[in-house]
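Peer 1: Use these hints to put chains B, C, D, E and F onto chain A, whose structure you have.
6 protein chains.
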Amino acid sequence: MTEKTAIESLTIMTELVLPNDTNVLFNLRGGKLLHWMDIAAAIAAQKHSNRTVVTASVDNVSFENPIKLGNVVTLQAKVTRAFNTSMETFIEVWTEDMTEGTKIKANEAYYTFVALDKERKPIKVAPLLPQTIEEKHQYESALRRRQLRLVLAGKLKPEDAPELKAIFTSEN
Amino acid sequence: MTEKTAIESLTIMTELVLPNDTNVLFNLRGGKLLHWMDIAAAIAAQKHSNRTVVTASVDNVSFENPIKLGNVVTLQAKVTRAFNTSMETFIEVWTEDMTEGTKIKANEAYYTFVALDKERKPIKVAPLLPQTIEEKHQYESALRRRQLRLVLAGKLKPEDAPELKAIFTSEN
Amino acid sequence: MTEKTAIESLTIMTELVLPNDTNVLFNLRGGKLLHWMDIAAAIAAQKHSNRTVVTASVDNVSFENPIKLGNVVTLQAKVTRAFNTSMETFIEVWTEDMTEGTKIKANEAYYTFVALDKERKPIKVAPLLPQTIEEKHQYESALRRRQLRLVLAGKLKPEDAPELKAIFTSEN
Amino acid sequence: MTEKTAIESLTIMTELVLPNDTNVLFNLRGGKLLHWMDIAAAIAAQKHSNRTVVTASVDNVSFENPIKLGNVVTLQAKVTRAFNTSMETFIEVWTEDMTEGTKIKANEAYYTFVALDKERKPIKVAPLLPQTIEEKHQYESALRRRQLRLVLAGKLKPEDAPELKAIFTSEN
Amino acid sequence: MTEKTAIESLTIMTELVLPNDTNVLFNLRGGKLLHWMDIAAAIAAQKHSNRTVVTASVDNVSFENPIKLGNVVTLQAKVTRAFNTSMETFIEVWTEDMTEGTKIKANEAYYTFVALDKERKPIKVAPLLPQTIEEKHQYESALRRRQLRLVLAGKLKPEDAPELKAIFTSEN
Amino acid sequence: MTEKTAIESLTIMTELVLPNDTNVLFNLRGGKLLHWMDIAAAIAAQKHSNRTVVTASVDNVSFENPIKLGNVVTLQAKVTRAFNTSMETFIEVWTEDMTEGTKIKANEAYYTFVALDKERKPIKVAPLLPQTIEEKHQYESALRRRQLRLVLAGKLKPEDAPELKAIFTSEN
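Chains as they are written, first to last, in our numbering: chain A, 60 to 231; chain B, 60 to 231; chain C, 60 to 231; chain D, 60 to 231; chain E, 60 to 231; chain F, 60 to 231.
Worth double-checking, as some hints may not be accurate.
Straight-line alpha carbon distances no greater than 27 Å define the calculated DSSO-like cross-link-like pairs of lysine-lysine that follow [claimed, not checked]: (1) B/Lys63 to C/Lys195; (2) A/Lys63 to A/Lys180; (3) F/Lys63 to A/Lys162; (4) C/Lys127 to D/Lys214; (5) A/Lys224 to B/Lys214; (6) F/Lys224 to E/Lys224; (7) D/Lys183 to E/Lys195; (8) A/Lys164 to F/Lys127; (9) F/Lys63 to E/Lys177; (10) B/Lys183 to C/Lys162; (11) B/Lys214 to A/Lys127; (12) A/Lys214 to B/Lys195; (13) E/Lys127 to E/Lys162; (14) A/Lys164 to B/Lys216; (15) F/Lys127 to E/Lys216; (16) B/Lys180 to A/Lys164.
The set of hints was computed from the structure by calculation and includes no laboratory data.
For reference, chain A alone in the conformation it holds in the complex (with noise of 0.2 Å):
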């Protein structure tokens, strides 16, 4: 199977925010920026695999910045690593207030999908090759992630996280 590049898989996604999106602030919700960064991130893993994709997880997310009504939001997602049949996906969310001319980064996030064939089942995609230093520092990481996901998930132990637990053990 031939590896692919991130920026084959590189998806923007422009979303203004309305009336129904926000909370009684006047800001976007929370919730209504997760679904679209599963959008946009699903897109990139279907670029990535050619395949039905399903979302297996999302990674912790934090919000800092409020989004304001009638902003623009920008959201930017690529595949950072894919693992036999599933990938992870970066997503960075910008807003930006024309009248003021401002854009400021919102928030970040990583969701994983799985590749489906056409019977449903799991299928084995193509490999990523990281190819910027930014691409291949993604790539690195991904594996203490994904330890992270297994072991919130119960299906890893702790002490079987090597990456991670290289974190928390680290000489000090």
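Peer 2: Frame of chain A; chains B, C, D, E and F shown alone:
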């Protein structure tokens, strides 16, 4: 500030999976479920705090059982612990196929919210008083999840997260 | 066919009033509430019958208390009585203003559903066994409401609706 | 206050049944139709009163003919009678299957609205002047329907509803 | 194939401008109105052809009068001329502010549709028989608009569009 | 006022075709695509002007290739030329079937927007500086399209539209 019990924040939400909520396999999209969980959990946090609340973070969520078009989804959310101005909520999700009479647990997640006063500044909320064994367990473990959130958000060093660290350094 | 209790069909639904749900006064539209009540009641009827159900009728509903944008609306539905292939459900609606901590009853209604088999033909459902005093009262009065429905639909002559007629001819 | 005719309030609305409007049988949900009827009728009441209106009640509605996905639904609403600050509207619903060229009447209903002034207080509206035989019949029978509404809402005793009572005590 | 009149395809649609339909000025978005016009016009073309129809083109539309949140929008569509397998429809749009009692024309447009048979192949439709002076005028000018559409789509050379060319080369 | 380049306004939007976006053939409705194009183009015009913008017109659009349910639709918009207070934008639309790995151009269109100041009055925008050959071609031909728009809106006589007229009167 008087303590409040977990049951006072209990929120039950029922949703029907409609065509626009599904992916091409006619299963509920992961992102849509994250959205519903955010609304159920936010209402629970509002019941606890009697304040406007905004989503601060969502913890790692994994998706195991697909939820089908036409199924009934029941979400149950309650506050597990309050930390000064923030509240952790626990959400459980069940899915029912009415004609088959089956009801299975599809998912669970932790969302954290911050309470805001009328100037949109964080404001202290009532402490949570756990009552059942399950609630006490959730209350205890909330500390460890909070440390993980802070470590993942780069706001706490792993070595300053003793409860979390204990998991990785125990015995061996 | 084994009788089922009302509590087995209990359905609780929570909704948040969003901008698109409101009229120009920023209060929930009556028609939107009728829609939510239909969904909550249909789920209750499905729980009772384990069948696909379709709405057969909605009884007179009056709207007294306006429900405001941002309020939490809680709907509670349960089956009151089964008549061969149809079920009457009772829906109560409460509205909460979280920051004010008020919760008032906004509304109540009766919806009737017909259970269908796989060929979309009406099919017999389990009888309802009322247990509490309230449930017994609902069970009894269901007969009178059914006669009114049939009279209003032109399917029953007023003189053939004894329970209903008694209301108008009592004493005098 | 000058009388207005029924035709001045005539409102025609056309909707297409989309996937999210349907139940698992791919027929239009009853609750969605109740929602559309509310909008059509509210516009008719606004045309009559030139005021903001809010739904006061909906009378008993029964659903006979299923309306299919892809069908065109035509709603026609007009005011039948004005009572001081409220207006009764009559809504008829037809459904067309364009490729079959069939158009059948699916439904009819009565919704009542209250007109509000700028302080959101009920305000008097123009009387309705019925013109056709059909409009005169609707105008007359509006009184009886109004008594039924009041009796059902517990605001009028059956014995104080003479037009309504006459139906049950006639002859026999 | 029997000719059909324009009035047979007449379609009236009424919409209420809701918060999610508006831009940051709380006026109806141009794109949303284009969407509503497409639905009204498609229904008119279905009425004429009794076929499934798909949008083939929309002619130049300009937006003059802003339509405000809460306004009632009335769309009226009818077929102006049939060309073998396609139909041109004319849509007029009015906007009413009910409390002010004003109704102005907001817009007009021409959409063209193609009729499809069950294999999704274009199929011949009945000719249109114009009756009123206005309908005859629309029928005549449809030819020129069609030539413009074909020239703009690069399917016809300007010199082969005599009716269109005449406009630019007349007298001077 | 400093000129801005076309690339500064580049807006990429990705949408997934969901059930409610489709017609009975399960292809994307033309009207829905017109809606998405309006949003993408409005964001591009906002990026160029840093102002609130409103849709002034949409040019003739033709629909050739059907876009299927589940496909990914990519819209790319940029400003082609500024005329005092208005901006013409060019939108291209591609559709991808991920599992087949095909990506074809589905559509293109020109939308024009007017920039508004805080009093909602039209306000001058920066001139556009075309850079690539393609951008220069779009810049040149924008004049002819503008004349056509004005002629079609009845605001310019054909004989006063020299660039447009040239097309029809060129020797041949």
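Peer 1: For a quick check of understanding: which of the numbered hints are violated here, in increasing order?
Peer 2: 1, 7, 8, 9 and 15
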